[in-house]
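Listed below are the residues making up each chain.
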Amino acid sequence: MITATATEKETKNYLNAESGLKSWLLTQDHKRIAILYLIAVTAFFIVGGLMAVLIRMELATPAGDLLDSNTYNKVFTMHGVIMVFFFLIPSIPAILGNFLVPLMIGAKDLAFPRINLLSWYIYMAGGVCAVIVLLSGGVDTGWTFYTPFSSTYSNGYVILTAMAAFINGFSSILTGLNFIVTVHRMRAPGMTWFRLPLFVWAHYATSVIMILGTPVIAVTLFLLMLERGLHIGFFDPAYGGDPVLFQHLFWFYSHPAVYIMILPSMGVISEVVSTFCSKKPFGYTFIAFSSIAIAVFGFLVWGHHLFVSSQSAYAGMVFSILSFIVAIPSAIKVFNWSATMYKGSVRLETPMLYALGFIGLFTIGGLTGLFLAAMGLDVHLTDTYFVVAHFHYVMVGGAILGYMAGLHFWWPKITGRMYPEAWSKIAAGLTFVGFNLTFFPQFILGYMGMPRRYHVYPPEFQVFNVLSSAGASVLGLGFLIPGIYLIWSLKYGKLAGPNPWGATGLEWQTASPPPTENFEITPVITTEAYDYAALEARQLEVSHHG
Amino acid sequence: MMQAKSFELFPEAASTIAGQVDALYAFLILVSAFFSLLIAFLVVYFAYKYRARPGVPFNPEPHDDHSAGGMILEIVWTAIPLGLSMIMFVWGVSIYFTESRPPADSMEVYVTGKQWMWKIQHMEGAREINELHIPVGRNIKLTMTSEDVIHDFSVPAFRTKSDVLPGKYTTEWFQATKVGQYHIFCAEYCGTKHSGMVGTVYVMSQADYNTWLGAGSGEGSMAEQGQSLFNQLGCGNCHASVVNNQNGRCPNLVGLFGSRVDLKGGTSVRADESYIRESILYPQSKIVAGYEDYMPTFKGLITEDGLLKLIEYVKSLGAKNGTQNTATSMPVQTGPVPQESGRAAGLNAFGNQAARTGQNSGATANRPPQGNR
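These protein sequence lines map, in sequence, to chains A and B. Under the working numbering, the residues of the first sequence are numbered 39 to 584, in order. Under the working numbering, the residues of the second sequence are numbered 476 to 848, in order.
Hints were generated in silico from the structure; no laboratory data involved. Warning: the hint list may mix true and false statements.
[Stated by the list, open to error] Taking lysine-lysine pairs in the BS3-like style, the calculated list, with each CA pair at most 25 Å apart, reads: (1) Lys529/A - Lys60/A; (2) Lys50/A - Lys60/A; (3) Lys739/B - Lys761/B; (4) Lys463/A - Lys739/B; (5) Lys381/A - Lys524/B.
[Stated by the list, open to error] Non-contacting residues of chain B with respect to chain A, defined by C-beta distances greater than 12 Å in every case (computed): (6) Asn614; (7) Ser637; (8) Val736; (9) Thr742; (10) Lys761; (11) Ile762; (12) Ala764; (13) Leu776.
Glycine included, C-beta positions come from ideal geometry on N, C-alpha and C.
With these hints in hand, go ahead and build the complete structure from the sequences.
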């Protein structure tokens, strides 16, 4: 095993190895590509977030007094398209996964560094399409592009928006392919499958979904473009198509896509909880295999989006029972994380606060998914704010809190700097409180019957909408503050050192920021993952000799 | 009631199914609250109890995934959620089957969705827009279709909804239990004025309902309107609609509805609403055994509302199960007759065309020319 010590060598790292714009735009270093993604994905998060601000401002009153209906529809569509395709799907895999998977398995880089750079360019090409749509007047289909509205009736830039998601999909596919090959072929000597960090397991499962699911959405969007552009009938009954077919194809990808967004977060949480309890995750193998189970079962539940779409009741039953079954691996993870804390040495540092927030919110998000899997109840709840609340608990409470936990956990590794502790804890607290205030009232609104995507709503729904909008401003603050102190820390943060959290992963055994080649010598792994006793022994040794 | 109250947590329950849905909801809330609080308690308690103590060396107990204790825990926390979720599954399915199967004695109402309004036709001939008047305590079955995009007819107080699809019929049923007014929402996003595609269900006592129906419209029942459409379109030239009469070229329609029809090629189909609709619009897709592919398509010549009238007429010619839907001749009238529906009435092959263009929403006019964007 190698240990990085503070020498003058540490000043040479992936960030300052080369300089100039060209060195960044043509880099093949997975760590630099991760930074490229970080910048682009953050930009899209800001745009998507501004759309959310407009939505919540409009919904503070029952009347449509801020935006007209057409604009409101375009705003929630762009919020969904940008957040799903350009933020949530790439966020953890393309930023943290890109940066960490090679480091965690003791590799120099991903298996295909050039393809990795190509992925980023493809992502940017898709992103440019989305920005053109946004600037030239937008689109009003909703991120779900349901036909025949999207293919025949929408008055927005449907083809270009579909193209944005279509192109972006190739970036996902290539990233997934890269991760799978890397994990199979690039593990350091001694890094057996069951010594892999759970973060890597989660990314492996995610990659499987990416390469199996994304081609289906690509085909679906392509058919949509053909129908809209050339009037070739696939989905519109006026051209002899079937509108429900689109929903089947769309959700065949888009439900597994939910797991593309949440599985990497679960990987982050496993790392963070273990580190801040100084304890191996309870049930390592169960957590690892539950990721795989989610990836497999996730492909078999899409029909639970179609309980009121004239789908056969018997098909519905199969989708319903499988939807309950896919919840079990998630429950196993939550129980295992909680059990990891038992008799651990718990430190409530910022990443841990985000992780605990994740556990709470994801639990609620997962449990409310059961409401929607229960067919008789889903009939009342589907297409209402209950669904909006449910998937925001999973996507924001789960995926984004996991991302924030990961970003705060590995920020010292990525930048070599620490961020201010007090501010970051305040931000974590604000995010948790603001999030619940924003989205919990929406469960109630949903059961009361308020439909999604309503620009104007009956006055009896106002109380909860006002609560929600108020919560959203707190939540916005919770995201704004980290934006400020993380940038501040780049220059003023105190130096982190190689392993500020006392974590066991290989990435913590090299310098912060790591050198371009990741490790000076290829590490040889002799112990299980999460061996805190070995870490302690090593540190004692270092302090002895040092 | 839909009147705004200051603070509500729960919608009005006004149908026979609502109580069942609420019971399942309550069960799920209990289970969810239990597990959420359990996890929250464990996390907070462990975070406090096992907090790191600076200066005190920490030696984690070696943990083996395959130890007996660990395995038992894993099995327990897999089996309990699995068992609970299977209860939810069965419960949910049983409610769904009740929700999705209209009782045989239901009173039928026809619904056509279009951007952005609900057009409703009663069998007796009454028509309304964005309003649905029904008697309390009767099973009501809606047969629904869309003229353009997908809509969804949702009545939260009844805890039910169903998508309304172009090109096919879906059904939804309920029995209102309380006189009152309840929201109708379009729950499937359908474009610019989606949130304006709302209406009101007026649940009335049977007596009030009869009075409302009896206001009279002079247009005749749906079946009567269907019959005149049938004559105007010349359907009767080939299709006999009298018992034991056979025009020769096409099947007799008496007793057709609900019967099993043998098709050319050896298969058979049940003559339901969708079959009749398909046979009018796409006659070549299912040819009755013993007949030729003779009938031309009536696609583009007839509106969705007109199709529903024709179907109602075919139903009135006798159903297989013996319940003869007699065409009531009582003239009925809705409250304020919306301007459009006046035109949609009394269709004929040419008037229909005119109405289609006139209402700016016929099959062609409704589909704006698309730029290739």
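> Is the Cβ of asparagine 614/B farther than 12 Å from every Cβ of chain A?
Replying inline: With a cut-off of 12 Å, asparagine 614/B remains clear of chain A, as the shortest Cβ separation is near 17 Å.
> Taking the closest pair, is the beta carbon of lysine 761/B still more than 12 Å from chain A?
Replying inline: 15 Å, holds
>> What's the verdict on lysine 381/A and lysine 524/B, does the C-alpha distance respect the 25 Å limit or exceed it?
In response: 8 Å, holds
>> So leucine 776/B supposedly isn't at the interface. Is its beta-carbon more than 12 Å from every beta-carbon in chain A?
In response: Consistent with the label, leucine 776/B stays out of reach of chain A, its closest Cβ about 15 Å off (over 12 Å).
>> Please verify that the nearest CB of chain A lies beyond 12 Å from valine 736/B's CB.
In response: 21 Å, holds
> Minimum Cβ separation between serine 637/B and chain A greater than 12 Å?
Replying inline: 5 Å, violated
>> Next pair to validate is lysine 50/A with lysine 60/A; report whether the Cα-Cα distance is within 25 Å.
In response: Holds, at about 19 Å.
> Does lysine 529/A pair with lysine 60/A here, judged by a C-alpha cut-off of 25 Å?
Replying inline: 23 Å, holds
> Is threonine 742/B truly not at the interface, in the sense that its beta carbon sits beyond 12 Å from all beta carbons of chain A?
Replying inline: At about 19 Å from chain A, threonine 742/B clears the 12 Å cut-off, so the statement holds.
>> Over 12 Å from every CB of chain A: does alanine 764/B meet that, or does the non-interface label fail?
In response: Answer for alanine 764/B: holds, closest chain A Cβ roughly 25 Å.
> Would the pair lysine 463/A and lysine 739/B pass a check requiring their Cα atoms to be no farther apart than 25 Å?
Replying inline: Distance ~74 Å between lysine 463/A and lysine 739/B Cα, so the pair is violated.
> Holds or violated: are the alpha carbons of lysine 739/B and lysine 761/B at most 25 Å from each other?
Replying inline: 8 Å, holds
Hints 4, 7 from the list above are not met by this structure, while the remaining hints are.
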